[in-house]
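Residue numbers (our numbering), protein chains in the order written: chain D, 9 to 242; chain B, 9 to 242; chain Y, 2 to 240; chain R, 2 to 240; chain E, 985 to 1229.
Among the hints, a few may not be true.
Subject to a maximum C-alpha distance of 25 Å in a straight line, what follows is the list of computed SDA-like cross-link-like pairs (lysine to any residue) [said to hold, decoys possible]: (1) R:108 <-> D:151; (2) Y:108 <-> B:134; (3) Y:108 <-> B:28; (4) Y:130 <-> R:209; (5) Y:130 <-> R:103; (6) Y:22 <-> R:125.
These aren't lab readings, by the way, just hints derived from the structure by calculation.
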Amino acid sequence: MNEIVEGLLKAGQLILSLDADLIEISLRSLRVTLTAVLISSVIGLPLGCWLAVRRFRFRRFVIATLNALMGLPPVVVGLIVYILLSRSGPFGVFGLLFTPTAMIIAQVIILTPLIASISHQAIRDLWAEYHDLLISLNTTRRQRIATLLWDGRRALLTAALAGFGRGIGEVGAIMIVGGNIDHATRVLTTAISLETGKGNFALALALGFVLIGLAVAVNLIIHSLSRTERSGRW
Amino acid sequence: MNEIVEGLLKAGQLILSLDADLIEISLRSLRVTLTAVLISSVIGLPLGCWLAVRRFRFRRFVIATLNALMGLPPVVVGLIVYILLSRSGPFGVFGLLFTPTAMIIAQVIILTPLIASISHQAIRDLWAEYHDLLISLNTTRRQRIATLLWDGRRALLTAALAGFGRGIGEVGAIMIVGGNIDHATRVLTTAISLETGKGNFALALALGFVLIGLAVAVNLIIHSLSRTERSGRW
Amino acid sequence: MVDLPILPLTVTDAVVRRRGKVLVGPISAELETDGLTIVMGPNGAGKTTLLRLLHGMERVSKGQLTWRVPEPAARAAQAFVFQTPILMRRSALDNVAYPLLVHGVAKTEARARAAGWLEKVGLADSGSKPAHVLSGGERQKMALARALIREPQIVFLDEPCANLDGRATREFEDLLAETRAEGTRIVMATHDIGQARRLAEDVWFIHHGRIHEAAPAEAFFATPQTPEARAFIQGDIVE
Amino acid sequence: MVDLPILPLTVTDAVVRRRGKVLVGPISAELETDGLTIVMGPNGAGKTTLLRLLHGMERVSKGQLTWRVPEPAARAAQAFVFQTPILMRRSALDNVAYPLLVHGVAKTEARARAAGWLEKVGLADSGSKPAHVLSGGERQKMALARALIREPQIVFLDEPCANLDGRATREFEDLLAETRAEGTRIVMATHDIGQARRLAEDVWFIHHGRIHEAAPAEAFFATPQTPEARAFIQGDIVE
Amino acid sequence: EAMKMAVTTSFHNSGLADVLLPEIKADLGLEVHLLVVGTGQAIRLGEAGDVDAILVHSKKAEDAFVAGGFGTHRTEIMYNDFVLIGPMEDPAKIAGARSAAEALGAIAAAESQFVSRGDDSGTHKKELSLWAVSGEVERDVSWYREVGAGMGAALNTASGMNAYIMSDRASWLKFGNKGDLALLFAGDPVLFNQYAYLPVNADKHGHVRAGWAAKLEAWLVSARAKELIDGYQMNGEQLFTFNAK
Ligand SMILES: Nc1ncnc2c1ncn2[C@@H]1O[C@H](COP(=O)(O)OP(=O)(O)OP(=O)(O)O)[C@@H](O)[C@H]1O
Ligand SMILES: Nc1ncnc2c1ncn2[C@@H]1O[C@H](COP(=O)(O)OP(=O)(O)OP(=O)(O)O)[C@@H](O)[C@H]1O
Ligand SMILES: [Mg+2]
Ligand SMILES: [Mg+2]
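Next comes chain D alone, as it looks inside the complex (with noise of 0.2 Å):
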C-alpha cells in the first residue's frame, strides 16, 4: 500500500528535481509516440472515412476485422516486426533494429487500425446526415472523404487521442524491437517494465505517475487548443 504513496511523493521529487535520465525517456516516448501517432493518423483517418463512404461486399467483413485488429496483441506485433527488420530479415539491410525508428514502425502498426476503426465510428453519423448532399453533389469519393474529415475534425481528434494513449502506454512491442536499451530506446513504459521486475515498485509506479499525468497532459493541451468540448456541436 505505501508503495503507492512512496511512488506518488517519487513521482513528484523526478519531476521537481527535473531528473536528467526522466526527462530523456519522457521526450524519448513523446517523441516515439507523437511520430507513431501521425503517421498513423494519416493512414487511418482517412481509411476509417474512407470505410463509412464506401460500400462494397466485404465491408462488414472489414469492419469487424479492424475492431478486432484494435487488439492486435503488441507482442505479436513486436514479434512480426522483430522478425523483419532483423538481419536475415527482408528489412535486415536498414539496420533499423533496436533504434526508435524500429519503435514507432511498430506503434503505427498498432495504431492504425485503432484509428481507423474508431474514427470510422466516429464519422459514420456524420456520413449519414451528409449522404445525400454530397451524392447529389455529384462529389468524387475523394471529395467525400475530404470533406467528412474537415467537418469531422472535433471527433476524428478523439481517434488521434485514442492512439496517443494507447501509444504512450504501450509495452509489449515497443521492449522486443526496441530493445530497451539505455539511453538509446529506453522509454517510459520500457523503464517501467524494467523496474517491476528488478522489484522496485515505487520508482516503477513513479514513472508509471509521471507516464499518466504526461498523457493528461497532453490530452488537455489539444483540447483545448481545437476547444473540442466547448462549443456547442462544431
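We have chain D; now place chains B, Y, R and E with the ligands onto it with these hints.
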C-alpha cells in the same frame, strides 16, 4: 521471415489437432476478457452517456482525463492491483492474487475508461439529435441515459468491441497480477510472452495468430448477431 | 397526470442573447389559462426562439419566466412540436409512445394509446415504419401525435403544417380545435395567414425579436396598428 | 461548367421498391429541355421519392432512366433542394460555396459568388453564422442558393417554400422565374395550390406512388380528369 | 493441494521445472504453481507473502531476505553455469581465453557489441562482478548495451544485434532464436551459478503454507531430486548439478 510462415502453419496445426492446452488457455482468455468487458460495459457505457448528457464545470477536464486514461499503462495498472491484492495489501485477505479474478479486476480498470471514452464519443452526435426532444419531454437524467443507451446500442457495441480487442491482446497487467501460472492463470497473451522469451518465435506467432483469429471471430459473430453494418442507419 | 394547473405564465423582460447578439427580447407577456395564440412574423424574426423561450428551452440572459407552479411540475405539463421534427431511431409507433413510457405508463398500454393517436393523425398504417423513412408530412403528423399524447396543459407548435397537404392541414385544424376545447392552451407559429385567420384568438406579431404587436385576432387582421404588421399581412397575400 | 445539354430525360417503367413495398412506380415519363413541372399529391404519395428517383438518388428495382448524355456528365448538371435542408457543419457562406469548391473553383472566387447568392436569397447578413443556428426559413433559403449556385441545367425542388414567409415566397417565385428564363429545367413539389397555379406549366399529380395525372397546368386546374385529382384540388381550398 | 513458488526466468527457461513438477505432484500430491519473474520481483513477492517459497540465484539478496526475517533459511539445491555467447566469427577472439575475466577484457579491447541484462537480476549481478575482476569498470560506452530485460528478451536482442552476451547455459540451450550466435566460452569456475530454495517465514505471514514448503524442500534435497536434476539433459549436455547437503 520463414518464422512467420512456420507460425501460420503451426497455428493451423494446433487448431486442427484441437490441442488441449491451446483450448484451455484460449477459453481462459475468452472467459477473463469477456467477463471484464461485461463489467466494464456496465460501468463504462452509462458513464460515457452520462458525460454526454451532463454539463458541469470540469466536464472538459474529466473528458480529457478519461481520454488519457484510455492509455493507462497496463504495467502500472498491474502493479497497483498487485499492491492492493497482495497479502500485505489492504485486500490481501481475500487471496485473490494470481487468480483469474485478479486478472479480471486489472482488465476492468484498463477497459472501463476506454469503453467510457469511446461510448461518450459515439453518443455525442445522438445526444445532439435527441437533446431538444428529451429536454422538452422533461425526462430525468436517468431516462435520458437509458434512451441514449438503447437507441445508440449499435454504436455502443463498437465501444464494447474495442474494449474486447484491447482486453484480449493485453498482457502487461495480467502477467503481473495473474502470474502466468500454467493451468491456472495462463492465457494466450502470457503464453505468447513466455514463448517469445524462449526464442520460440514460431510457436509464439502461432498463438498470436490464434488470438487474432479468435478476436476476428468474436467480432464477426457479434456484428452478425447485431446486424450492425447491415440496415441503413439503425 | 399532472393535475395542478400550471398557467398562467408570466414573462418579465426576458432576453435571449447568443454570440453577443440579442435574438429575442426583452419580452414581457402573460399567457392565460385559456386561449389560442398565433405567433407570426417574417423569417428570422425570432418566432422559434420565442416559443423555445416560453417552453424553458432557452437560457435567458436577463428577465424571468414564472409559472403558477414551480419548475419541475410546470415542465411536465408542456409539450412542443419542433419546426423540424426530431426523429427517434425507433418505429413511428414507438416514437409516439415514448412520452408515455417516460412517464411510467406500462409498455402495452403506451403502445395501444400511441396506436390510437397515430390513427387520429392519419398514420394508422405507418406505425411499424422506422421514423426516418417517413415522408415530410408524415413526420410532422408523428411529431404532433407525440406532443399531444400526454395531454399537456399547454402545447407550443412551431409551423406544424409546413409540409402537410390540404386535407391533412384541415384535419390538423380540427384536431387542434378539439384539443383547445379540452382546455389545452395553444401557442402556435405559422406563416399561413389563412390558417392564422381561421384559428387565432390572439396574435403576436414578432419583428426583430420583439413582440411588435399583440392583439385579439379580429382586431389584428382588421386594423393592424404598426406599418410592419400591415406590410406583413399584405405581403402574404400574393395572388 | 458542363456545356453538353443533358436533357431530355426519358424514364421507362421505373419502380422503387423498399422493404418489399412499391414506393413509386412504375413511372414512364419524359422531361423535355424546357419547362416547369409542379409535382403535387397528398402526404406520403411519393413526391419526394419520385424526385429522388429522377435525380438518380434512388436505386431502381426495375426500369431505367436515360439522359441525353451518359451518367457522370448528367449528374454534374443537376441540383436538388431537399425537403429538410441538409446543413453542413460550416458557416452559411461556406455551405453555399461548397458546390463550387467541389467543382474546382478557387476558394476566394467561390466565396465571392456565394456571398452574391446569399444576397439574392435575402441572407446577406447571415453568411458568417454557422448553418445550424439559422432559422427554418433561413435554412431553406441557404439550401436554395446552394443548389442554384452551380447554374444547373435541371433543378429539383422539394417543397422549398414550406417554411418561408409571404414575402420570401414571392421573392423565391421571382428567382425561380428568372432561373427558368435562363433555361433551367425546373421540377418542383409543393403543397401550396396557389403557388402551383402561379408557377406551373405542367402538373404531375402523384397518387399512391404513380403519376396519376400529367397535364398542362391550365387543363389540370380547370378540368382535372380523375376524381382523386379533383378531390385534392378541392380539399386544399379549405376556406 | 497447491503452493506458489517464485522462480527466475533463467530457471524456468531451462525446462527443468517441466520435469520436476509432475514428479512432485506424483510423489507428494502437491501442485506447485510457478511464478516466473525477475529476481528482484521474486524477492518482493516473498517479502509480501504472496508466494510460499522462492527459488533464485543471487546470494547477496538471498542473505538479506533471510536476515530481514522474510525467509526462515536458505537451502542450496543445485548449480548450473554461465556461458559467454557471441557472434560465430568471434571478432574479439574470446574462444581461446583462459578465464572469464580475460574473455571480457578481450571484448572490451575489441569494443565489440555486448548486451547486458541490466536488470539487477542474479545473472546481471554476476556479470558486473566479472567486469570488476576484468578491470573494465568503465561501462558508459557505446558498445556496451544495457537492455533492461529478462534472459530471453536479452538473448533476442543480442541475436538481433549479433552481439556478445552472458547467459546461463540452460537459457542458451533452450533458446530458439540463435541467429548467428554461438557458445564461445564456458567452464571457468567463477561462472558457476548457485540456486537456493528459501521458504517464506510463516511467522510473518500466517497464511503461508509452511508445511507444504517444508515438504517440498525435503523433496528437493532428496535422492529422488538428485537423480532427476543430475539426469536432466539437453542436447546431450547435463545442465544442472545437484549439490544440496
Ligand atoms: N446561436 C445563434 N447565434 C446567432 N444567431 C442566431 C443563433 N440562433 C438563432 N440565431 C438567429 O436568430 C434569428 C431568429 O431565429 P428563429 O429561429 O427564432 O427565427 P424564426 O422566426 O423562427 O424564423 P423562421 O420563420 O425562418 O423559422 C435568426 O436570424 C437566426 O439566424
Ligand atoms: N424505406 C422505406 N420503407 C418503407 N416505406 C417507405 C420507405 N421510404 C419511404 N417510405 C414511404 O413511402 C411513402 C412515400 O414517401 P415520400 O417521402 O416520397 O412522400 P411525399 O409524397 O414526399 O410526402 P410528403 O408530402 O409528406 O413529403 C411514404 O408513405 C413513406 O412512409
Ligand atoms: Mg422558426
Ligand atoms: Mg416529401
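Against the structure, test the hints numbered earlier, and report the numbers of the ones violated in rising order.
The structure breaks hints 3 and 5; every other hint is satisfied.
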